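Undergrad: The chain contents come next:
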Amino acid sequence: MVMTISPKRKLVNSLMLSLSAVCTVLVIGVLFFILGYLLYHGARSLNFQFFTSLPKPSGETGGGMANAIVGSFKVLLVATLIGVPLGFLAGVYLAEYSGKTFAFVLRYVIDLLNGVPSIVIGIVAYALVVRPMKHFSALAGGVALGIMMIPIAVRTTEEFLRAVPNALREGSLALGATKAKTIFSVVVPAAISGLISGLMLNLARVAGETAPLLFTALGNMFWSRGWTEPIATLPVMIYNYAIAPDEDLHQQAWAAGFVLLALVLAVNVTAKMIIMRGPAASRR
Amino acid sequence: MATSTIPARSPQFPLAGFARRIKAWDEMAYFVTLASAVSILTIVGLIVFELWISSQPTVKTFGWSFLTSSRWDPNSGKFGALPFIYGTCVTAFLALLIAVPFGVMASIFLAELAPPRLSNVLTFLIELLAAVPSVIYGLIGIFVLLPLIRSYLAPVLTGVFGFLPLFQGDFYGVSFLSAGLVLSIMVVPFIISVSREVLLAVPVDQREAALALGTTKWETTWQIVLPNAKVGIIGSIFLALARALGETMAVTMVIGNTPKISASLLAPGYSIAAVIANEFAEASGDLYVSSLIFLGLVLFGLTIVINALARILILTTTRRSA
Amino acid sequence: MATPRQQLVNEADPPSTTPYEPPARDTSRCKLGVKDLSFYYGSFQALHNIGIDITRNKITAFIGPSGCGKSTFLRTMNRMNETVRNTRVEGEILLDGENILKMDVTDVRRRVGMVFQKSNPFPKTIFDNVAYGLRVNGVRNQSVVEEAVEKSLERAALWAEVKDKLNKPASALSGGQQQRLCIARALAVEPEVLLLDEPCSALDPIATRKIEDLLFEIKSLTTIVIVTHNMQQAARLADYTGFFLMGKLIEFDDTRKIFQNPSVKETEDYVTGRFG
Chain A
1 MVMTISPKRK LVNSLMLSLS AVCTVLVIGV LFFILGYLLY HGARSLNFQF
51 FTSLPKPSGE TGGGMANAIV GSFKVLLVAT LIGVPLGFLA GVYLAEYSGK
101 TFAFVLRYVI DLLNGVPSIV IGIVAYALVV RPMKHFSALA GGVALGIMMI
151 PIAVRTTEEF LRAVPNALRE GSLALGATKA KTIFSVVVPA AISGLISGLM
201 LNLARVAGET APLLFTALGN MFWSRGWTEP IATLPVMIYN YAIAPDEDLH
251 QQAWAAGFVL LALVLAVNVT AKMIIMRGPA ASRR
Chain B
285 MATSTIPARS PQFPLAGFAR RIKAWDEMAY FVTLASAVSI LTIVGLIVFE
335 LWISSQPTVK TFGWSFLTSS RWDPNSGKFG ALPFIYGTCV TAFLALLIAV
385 PFGVMASIFL AELAPPRLSN VLTFLIELLA AVPSVIYGLI GIFVLLPLIR
435 SYLAPVLTGV FGFLPLFQGD FYGVSFLSAG LVLSIMVVPF IISVSREVLL
485 AVPVDQREAA LALGTTKWET TWQIVLPNAK VGIIGSIFLA LARALGETMA
535 VTMVIGNTPK ISASLLAPGY SIAAVIANEF AEASGDLYVS SLIFLGLVLF
585 GLTIVINALA RILILTTTRR SA
Chain C
607 MATPRQQLVN EADPPSTTPY EPPARDTSRC KLGVKDLSFY YGSFQALHNI
657 GIDITRNKIT AFIGPSGCGK STFLRTMNRM NETVRNTRVE GEILLDGENI
707 LKMDVTDVRR RVGMVFQKSN PFPKTIFDNV AYGLRVNGVR NQSVVEEAVE
757 KSLERAALWA EVKDKLNKPA SALSGGQQQR LCIARALAVE PEVLLLDEPC
807 SALDPIATRK IEDLLFEIKS LTTIVIVTHN MQQAARLADY TGFFLMGKLI
857 EFDDTRKIFQ NPSVKETEDY VTGRFG
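Protein sequences appear in the order of chains A, B and C.
Be aware that the first sequence starts at 1, since it is given in our numbering, and climbs by one per residue.
Be aware that the second sequence starts at 285, since it is given in our numbering, and climbs by one per residue.
Be aware that the third sequence starts at 607, since it is given in our numbering, and climbs by one per residue.
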């Protein structure tokens, strides 16, 4: 039998391998294109007014998104207060206390929760908060985003607590500390960098969520007082302005998009850097 | 009780009361964490319950024909889910059709060809794509993608493939095609990230065995490495599908928000998530609201099933090579 | 019934008493000629100016302590070292006079086959494992493939054991059987040289024995180069043996000469067990 490497095989080899490189370049290209475009259009429309003034009524040019920026912070604050403690403590339970079957069930359910589309979470928050209160509010928005924060909070807490070597726990217990003291005074501090970066990633993810806020926090052209009024948030403003038939509003949408993306990516990159340099890095 | 011969406690150590208090804190910590875990289970239960209860008016009025009816007319109280189910499925399918080849090829480059440092940097960047908020994709979709499709892609498609019902009809920019394209960009990072990991998990000795027989690098990758990683890659596709099905903002900004079933990809349409996003806040009347909620329940069910399948598939691959 | 190899050993000549002379370079019998080969991992030089002639249809063994470079050298001969990043080769490796470093690498690997230390069958059926190399190299005719698979499995002393279960997965075989399967797979593409990198180190003595017997039988079909850390194996199998130490070829000669009357002190120290 004559078996040699045919030119056709060599051609196919070079072709397909080059194609794979091209696909990668395309995907990276899209990323840079999005970033670049947003940078260009967004930065151009950014001005001091954007950060300090309220939206102008339709028809008038100018105005800003000061209320939306503050609004986003307020809603995220509520979300953090709801989602993080619940998620963290449940994560502690999974990592330190739980038995096998309950852990399996809990993890499965939390995975389920993670897969729920954000719009559906919005519906639930509407049913649980908006309907009884009879109006839209920052609280409702915070509840929706808080529920979304739970699965990631649980998962990262469990993962980083498990990464703490057992030797630390045993050392603490051997000194007579109780289990709880060991967990909260030794294990959690040892995992703290991972927990914080996990929190940052979580925040960055929900900060960009729009859908669940559409009928919970709704929106507001003015400042919102307290927590029980409808409130403007950055992503919702972007959406509203983008679909409005007003060029000036489109410009502001770009500016807001730039700010939002810059924040989200900055937090993401920082958080990932912390994880990559952290003590859990060697375990991965 | 017999007299104890155990020596009295040394004064440095805590008195019985303090010890009891510490024990109480310890038990409380256990119960607090357990309570959190249980509350989360309750919340999920509440979600399912609330969705189910609030859908009841629609279920009672239309029954299962809700899922097969294509008439969506809030003004006359007629609600049917089919246009939205159709739109959700079509856009998701289109997104995968585009994203899977690109994603798998890119993951092959990153896992098999690129030097490790380059591969890590590029993967880091690609995973950043996954962090971009949906509404930003919508922005780019409306102002960048739609004009591009209108000017370049649509004419080509109608010109070359216009004989197919897929590409007929007037094109206004907003369409199934546009939504599918935006979705494909959004899900490609998931496919790349997971596929790359499962490809890297294939043992080196398999590649060496093939190369030593005189196989080209591509043949080794396509015939030996990829089949080894097949299950995990399919898992990544399911994950991407779940994301595409639930995606709201980017879709609603470019799909056209028209509750009609059309054969043409160039026609405007609607998806489940998009209709809820658009109409929920202003929906009046029990039937309207409960129909939208029932749609949410349908979407919920769909994504649960697909996510579960994805986890099983990915877990099997990584466990096998562990 | 003594195997052919046993018979040959039994009829062997008594040890030579004439003074040592290195074997003459008979290029007509040289299958693989290595000239001045150096190999670098990054800036670290792993192989120093190796020069060696591998005689066709004979078994050549490389021995030496761990880390001496014998496996590295073996892998240069089918350019497998190129799968590792940041490596560099200097010198020439001539296959029938043609420098393999200038040839198409896929072609080189088809002509110079390799069996690895740990058996690595594909997750396919036994038949498909052996047929893989044939199919990839363009052999499509099913009956030709079947014939070749049977022939290879026979040569690898595996046919009798698997002929009724060709469609079973290769993973169902024992360790020794899997290694023979890998040998059959390598033989199927009719390599001109077969490189074996410590093929028996993960196997029990009985499986080792089977493989040594089959190597002896197939050396007339191909040229065999085997790396082994087991000196007795080299003494049993090889016609020629090369002793490596710290990336250098210390001595290369008839096996009997190496083990009974080595010229270089380091060789003598190694084969008599003084170190390594």
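Since the hints were made in silico from the structure, they are not lab data.
Among the hints, a few may not be true.
With a Cα cut of at most 30 Å, we get these calculated DSS-like pairs of lysine-lysine [what the hints assert, rightly or not]:
1. B/Lys514 to C/Lys825
2. C/Lys641 to C/Lys730
3. B/Lys501 to C/Lys816
4. A/Lys10 to B/Lys514
5. C/Lys816 to B/Lys514
6. B/Lys307 to A/Lys272
7. C/Lys664 to C/Lys757
8. C/Lys774 to C/Lys708
9. C/Lys641 to C/Lys771
10. A/Lys181 to B/Lys501
11. A/Lys10 to C/Lys816
12. C/Lys724 to B/Lys501
13. C/Lys637 to C/Lys664
14. C/Lys757 to A/Lys10
15. C/Lys664 to C/Lys708
Remember, predicted model here, so these are calculated numbers, not experimental data.
Undergrad: If a hint holds in the structure, say so; if it does not, say that too.
TA: Hint by hint, here is what the structure shows:
1. B/Lys514 to C/Lys825: violated (39 Å)
2. C/Lys641 to C/Lys730: Roughly 40 Å separates the two Cα atoms, so the pair is violated.
3. B/Lys501 to C/Lys816: violated (33 Å)
4. A/Lys10 to B/Lys514: holds (25 Å)
5. C/Lys816 to B/Lys514: Roughly 36 Å between the alpha carbons, so the hint for C/Lys816 and B/Lys514 is violated.
6. B/Lys307 to A/Lys272: Not satisfied, since the Cα-Cα distance of roughly 38 Å exceeds 30 Å.
7. C/Lys664 to C/Lys757: holds (21 Å)
8. C/Lys774 to C/Lys708: violated (40 Å)
9. C/Lys641 to C/Lys771: violated (46 Å)
10. A/Lys181 to B/Lys501: Given pair A/Lys181, B/Lys501 is violated - Cα atoms ~56 Å apart, limit 30 Å.
11. A/Lys10 to C/Lys816: violated (38 Å)
12. C/Lys724 to B/Lys501: Holds: C/Lys724 and B/Lys501 sit about 21 Å apart, inside 30 Å.
13. C/Lys637 to C/Lys664: holds (10 Å)
14. C/Lys757 to A/Lys10: Holds - the C-alpha atoms of A/Lys10 and C/Lys757 are around 29 Å apart, at most 30 Å.
15. C/Lys664 to C/Lys708: holds (25 Å)
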